[in-house]
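K.L.:
So the sequences go chain by chain: Y and G. Under this note's numbering, the first sequence has 33 at position 33, and the numbering climbs by one with no breaks. Under this note's numbering, the second sequence has 87 at position 87, and the numbering climbs by one with no breaks.
Think of the hints as simulated: they come from the structure by calculation, not from any bench. Note that this is a predicted model, so its numbers are computed, not measured. Check the hints yourself; a few may be wrong.
Below 20 Å or equal to it, Euclidean Cα-Cα: the simulated EDC-like pairs (lysine to aspartate or glutamate) are [to be verified]:
| # | chain 1 | residue 1 | chain 2 | residue 2 |
| --- | --- | --- | --- | --- |
| 1 | G | LYS121 | G | ASP39 |
| 2 | G | LYS135 | G | ASP82 |
| 3 | Y | LYS119 | Y | ASP100 |
| 4 | G | LYS214 | Y | ASP100 |
| 5 | Y | LYS14 | Y | ASP105 |
| 6 | G | LYS90 | G | GLU161 |
| 7 | G | LYS30 | Y | GLU61 |
| 8 | Y | LYS54 | Y | ASP75 |
| 9 | G | LYS135 | Y | ASP87 |
| 10 | G | LYS135 | G | GLU76 |
| 11 | Y | LYS119 | G | GLU67 |
| 12 | G | LYS37 | Y | ASP75 |
| 13 | G | LYS10 | Y | ASP12 |
| 14 | G | LYS121 | G | ASP11 |
| 15 | G | LYS214 | G | ASP82 |
| 16 | Y | LYS119 | G | GLU175 |
| 17 | Y | LYS65 | Y | ASP78 |
| 18 | G | LYS10 | G | ASP66 |
| 19 | Y | LYS65 | Y | ASP105 |
| 20 | Y | LYS119 | G | ASP82 |
| 21 | Y | LYS119 | G | ASP163 |
| 22 | G | LYS30 | Y | ASP87 |
| 23 | G | LYS12 | G | GLU67 |
| 24 | G | LYS135 | Y | ASP100 |
| 25 | Y | LYS119 | G | ASP196 |
| 26 | G | LYS135 | G | ASP163 |
| 27 | G | LYS199 | G | GLU175 |
| 28 | Y | LYS54 | Y | ASP17 |
| 29 | Y | LYS14 | Y | ASP87 |
| 30 | G | LYS135 | Y | GLU88 |
| 31 | Y | LYS56 | Y | ASP12 |
| 32 | Y | LYS65 | Y | ASP107 |
| 33 | G | LYS135 | Y | GLU94 |
| 34 | Y | LYS56 | Y | ASP75 |
| 35 | G | LYS37 | Y | ASP107 |
| 36 | Y | LYS119 | G | ASP11 |
| 37 | Y | LYS66 | Y | ASP51 |
| 38 | Y | LYS66 | Y | ASP17 |
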Amino acid sequence: MTRILTPTDEVDIKTHDGLWMSAVDAERVTGWTLKPEGMCRAESCVPLPADAVKGKDVNVEAFWKKLGGPVVANDARDVFALGAPADERNAALEGLAAPDFTLPDIDGVPRSLSQLRGKKVFLATWASW
Amino acid sequence: MWQQLYAELKDKNFMVVAVAEESRGADHAKQWIDAAKSDYWQLIDTDHRLEDLYNLVNVPQAIWIDEQGMIARPPETAGSTDHFRRMDLKTRTMAPEDQVARQAARDAYMQAIRDWVTTGKHALPADDARAGLPKVTPRIAEARARFRLGVWLRAHGSTAEGDRQMNEASSLHPESWSLWRQAADLDEVGKASGPDFWKRVQALGERPYYPPPKL
Chain Y
1 MTRILTPTDE
11 VDIKTHDGLW
21 MSAVDAERVT
31 GWTLKPEGMC
41 RAESCVPLPA
51 DAVKGKDVNV
61 EAFWKKLGGP
71 VVANDARDVF
81 ALGAPADERN
91 AALEGLAAPD
101 FTLPDIDGVP
111 RSLSQLRGKK
121 VFLATWASW
Chain G
1 MWQQLYAELK
11 DKNFMVVAVA
21 EESRGADHAK
31 QWIDAAKSDY
41 WQLIDTDHRL
51 EDLYNLVNVP
61 QAIWIDEQGM
71 IARPPETAGS
81 TDHFRRMDLK
91 TRTMAPEDQV
101 ARQAARDAYM
111 QAIRDWVTTG
121 KHALPADDAR
131 AGLPKVTPRI
141 AEARARFRLG
151 VWLRAHGSTA
161 EGDRQMNEAS
171 SLHPESWSLW
181 RQAADLDEVG
191 KASGPDFWKR
201 VQALGERPYY
211 PPPKL
């Protein structure tokens, strides 16, 4: 099993030769679905390089890099992190809709920014360090 | 830090969300959260996810979000100032005039929040809010991924390898104090404000550590 860290999730996936995996798992990891025209999400499709699909398997590393996202791994290559593409982050921020997130409070209760719609929110960071 | 302001404004459709950028986790953050005696949200962000989403580089930074969920002010320093850079490192105290100036800047920032909540003042027109957003570059995106991997590796026993990923993250995104200081803190509590920190601060020269908000 390979541990894959995405910007918002962490999953164990059966892979081979890096990040080759079934199209079903690729969708679980990336949110994009394999179709004849490429990897698709909502209305948009990204064509895949010919050597990034074999039968029902997808090379998620090749796909993610095509999206413009970073793919990094530990030395043993059994833990990967897929980072959000820079363009995706910039487009989201430039739209000015505050990106939603869910984080636990001190008791472990998950809280989402979107629960606060209708209020002015002062969102501030801090740290002990 | 924000409790007094929140208590004063909470009946005016206002909420404070304080997010601890704390890879040591909730147990470590708890003592400060307990001491704050707050009744707004205090959230724990071990992966610095908020910094990834909002392209943040230091703490404290704040984003002002309006009733429609739109960014009214982009990320800015939240009430801190650079006066600390002139403190006497032996006694760790600031000159009285610097203490006064620092408090005045903090008070002005609090007043700006108050004005925004009660009158809408200081909310930026969309183009100005957009202009204040720092750009995410591919190097920054890779730094975030390496930082996330580093935090995970450290939490799962691969300390040296995790460190290496976090150091790599910091060299890809040297403007981020959070990436460097969190890595230093995970290495050893206190290291984030030790001699290496001060060397880095001095190397800024005329550049700010806490750029003042453009209120």
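K.L.:
Given the proposed pairing of LYS10 (chain G) with ASP12 (chain Y), does the C-alpha separation stay at or below 20 Å?
P.N.:
Violated: LYS10 (chain G) and ASP12 (chain Y) sit about 42 Å apart, past 20 Å.
K.L.:
Take a quick look at whether LYS65 (chain Y) and ASP105 (chain Y) sit within 20 Å of each other, Cα to Cα.
P.N.:
violated, 34 Å
K.L.:
Please verify whether LYS119 (chain Y) and GLU175 (chain G) have alpha carbons no more than 20 Å apart.
P.N.:
This hinted pair is violated, its Cα atoms lying about 32 Å apart.
K.L.:
Mind checking the alpha carbons of LYS54 (chain Y) and ASP17 (chain Y) for me, to see if they're no more than 20 Å apart?
P.N.:
Within the cut-off at roughly 13 Å; holds.
K.L.:
Assess, step by step, whether the Cα of LYS90 (chain G) is no farther than 20 Å from the Cα of GLU161 (chain G), and give holds or violated.
P.N.:
This hinted pair is violated, its Cα atoms lying about 35 Å apart.
K.L.:
Regarding the pair LYS135 (chain G) and ASP100 (chain Y), is the alpha-carbon distance no greater than 20 Å?
P.N.:
At roughly 19 Å apart (the allowed maximum being 20 Å), ASP100 (chain Y) and LYS135 (chain G) satisfy the hint.
K.L.:
Within 20 Å, alpha carbon to alpha carbon, are LYS214 (chain G) and ASP100 (chain Y)?
P.N.:
Not satisfied, since the Cα-Cα distance of roughly 25 Å exceeds 20 Å.
K.L.:
Would you check the hint for LYS14 (chain Y) and ASP105 (chain Y), treating anything up to 20 Å between C-alpha atoms as holding?
P.N.:
Answer violated: LYS14 (chain Y) to ASP105 (chain Y) is near 32 Å, above 20 Å.
K.L.:
With the threshold set at 20 Å, check whether the alpha-carbon distance from LYS66 (chain Y) to ASP51 (chain Y) stays at or below it.
P.N.:
Answer holds: LYS66 (chain Y) to ASP51 (chain Y) is near 13 Å, not above 20 Å.
K.L.:
Do the alpha carbons of LYS214 (chain G) and ASP82 (chain G) lie within 20 Å of each other, as the hint requires?
P.N.:
holds, 15 Å
K.L.:
Between the alpha carbons of LYS12 (chain G) and GLU67 (chain G), is the straight-line distance 20 Å or under?
P.N.:
Distance of about 11 Å is within 20 Å: holds.
K.L.:
LYS54 (chain Y) and ASP75 (chain Y): Cα distance at most 20 Å?
P.N.:
violated, 26 Å
In this structure, the earlier hints numbered 1, 2, 4, 5, 6, 7, 8, 12, 13, 16, 19, 20, 21, 22, 25, 26, 29, 32, 34 are contradicted, and the remaining ones agree with it.
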